[in-house]
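Q: Going down the list, the protein sequences come from chains A and B.
Residue 1 is where the first sequence starts when you use the UniProt record's numbering, and the numbers rise one by one after that.
Residue 1 is where the second sequence starts when you use the UniProt record's numbering, and the numbers rise one by one after that.
I should point out that these hints are in silico values taken from the structure, not numbers from a laboratory.
No experiment lies behind these values; they were computed from the predicted model shown.
Some hints could be false.
Heads up, the list lumps identical chains together, so a pair's fine if it works in one copy or across two of them.
Stated by the list, open to error - As a list, the in silico SDA-like pairs of lysine to any residue whose alpha-carbon atoms are at most 25 Å apart:
1. 14 with 137
2. 22 with 137
3. 14 with 107
4. 145 with 77
5. 62 with 78
6. 154 with 18
7. 162 with 95
8. 119 with 94
9. 162 with 98
10. 22 with 97
11. 73 with 98
12. 119 with 27
13. 73 with 147
14. 145 with 83
There are 2 protein chains.
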Amino acid sequence: MIQKIAKQTGAAFKLKKGQVLKVIDPEGEQVSDMVVFNAADAREKISSGKTLDFEENILITKGNFLWSNRSRKMMEILEDTNGRNDFLLAPCSPETFQIMYNNPDYHPSCFENFYTNLKPFGIEPDDVPTAFNIFMNVQFSADGKLSVDPPLSKAGDYMLFKAEMDLIVALTACSAEDSNNGSFKPIHFEVLD
Amino acid sequence: MIQKIAKQTGAAFKLKKGQVLKVIDPEGEQVSDMVVFNAADAREKISSGKTLDFEENILITKGNFLWSNRSRKMMEILEDTNGRNDFLLAPCSPETFQIMYNNPDYHPSCFENFYTNLKPFGIEPDDVPTAFNIFMNVQFSADGKLSVDPPLSKAGDYMLFKAEMDLIVALTACSAEDSNNGSFKPIHFEVLD
């Protein structure tokens, strides 16, 4: 059954070892940030530093694993029809809009959508790590300069993630203008047994 | 007063707001991993994702700030005589040597040197984030492929970090063969008022 995350919101749920999570961009050009925790002990969680180290690549896609801060495999990426994701940048937060967008007003953010949806699992704001940013198109040049470009994903693009342990997963439909080519769309997901 | 970290060991200490930390590679080609915590609340700590996001660059050097998971500035980099550092890869850990070096035996690691030195401050292994890897030379290509190359630092190269809040700092003399061109050397540091 396909579940729908409305624009600028999020969801959190359990995923059992062996189950496959399908994350879909139904309209195209929409990023979904994802964080993952060990369901048996949420102090074990997804780590960008461990993943980039063990996979020896900045660009994480089909065939790569997502690793934990305890150096264990959390998910295997079985499919990635788009192929461009980001694992460098932190989820957008209230300060992202204050500091980078010069917007002092309230703005929805992936960070808020993570910690509100993860609260029932006992996970607090300080526990939210750098997310794996599905469909996010962060380009880098040889001198290291980063730019957040429009996603390359088309309507219907998806990724498949196989759980390597029992997990708590949180997903968002990202709330940052620059990451989603200026408009906010939903994200769909499905748990496959 | 210059303090000395012996090869393959580490140190942890407090740094007051406004003080400047000097980290020196006394012999050349030696990496020092650094992690930083808010001394008043160690749940606030250095974040690679927030730093790369706010600084809009993979390569962090003079003029950049190191940011926390709460989107606050922790340190300003005042000087960097070498200029090549890494903020992508997690500190080497026992699993680094088991998985990437095929070495099942005990091996010193930055991760162990962090958590043993941080224990007196109430910081546990799971609290250790991705470190800022001073003098570490991680090259990346346009397709994202990463390679750990010999450090470019020469004897006497140093960095200066100004504390933007009261901090707990941990430093290592890195224990990984590939990161240090195959030999292990000390790291020196000094706190300047």
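Q: Does each hint fit the structure? Answer for all of them.
A: Going through the hints against the structure:
For the homomeric pair residue 14 and residue 137, neither the shortest alpha-carbon distance inside one copy (27 Å) nor that between copies (39 Å) is at most 25 Å. Taking the shortest Cα distances, residue 22 and residue 137 sit within 25 Å of each other inside one copy (19 Å), while across copies they are farther apart (36 Å). With identical chains, the CA atoms of residue 14 and residue 107 are never at most 25 Å apart, being 28 Å at best within one copy and 36 Å at best between copies. With identical chains, the CA atoms of residue 145 and residue 77 are at most 25 Å apart between copies only, with a shortest distance of 18 Å across copies and 27 Å within one.
When the C-alpha separation of residue 62 and residue 78 is checked against a cutoff of 25 Å, the pair qualifies only within one copy, where the shortest distance is 6 Å, while the shortest distance between copies is 40 Å. When the C-alpha separation of residue 154 and residue 18 is checked against a cutoff of 25 Å, the pair qualifies neither within a copy, at 28 Å, nor between copies, at 49 Å. In this assembly of identical chains, the alpha carbons of residue 162 and residue 95 lie at most 25 Å apart only when taken from different copies (22 Å versus 33 Å within one copy). Within a single copy, residue 119 and residue 94 get their C-alpha atoms as close as 18 Å, which meets the 25 Å cut-off; across copies the closest is 32 Å, which misses it.
Proximity of residue 162 to residue 98 under the C-alpha cut-off of 25 Å is restricted to the inter-copy arrangement: shortest distance 24 Å between copies versus 36 Å within a copy. Taking CA atoms no more than 25 Å apart as the test, residue 22 paired with residue 97 passes in neither setting, with 29 Å inside one copy and 33 Å between copies. With identical chains, the CA atoms of residue 73 and residue 98 are at most 25 Å apart between copies only, with a shortest distance of 14 Å across copies and 35 Å within one. Taking CA atoms no more than 25 Å apart as the test, residue 119 paired with residue 27 passes in neither setting, with 29 Å inside one copy and 49 Å between copies.
Taking CA atoms no more than 25 Å apart as the test, residue 73 paired with residue 147 passes between copies only; the shortest distance there is 21 Å, against 29 Å inside one copy. When the C-alpha separation of residue 145 and residue 83 is checked against a cutoff of 25 Å, the pair qualifies both within a copy, at 21 Å, and between copies, at 15 Å.
The structure shown violates the earlier hints numbered 1, 3, 6, 10 and 12.
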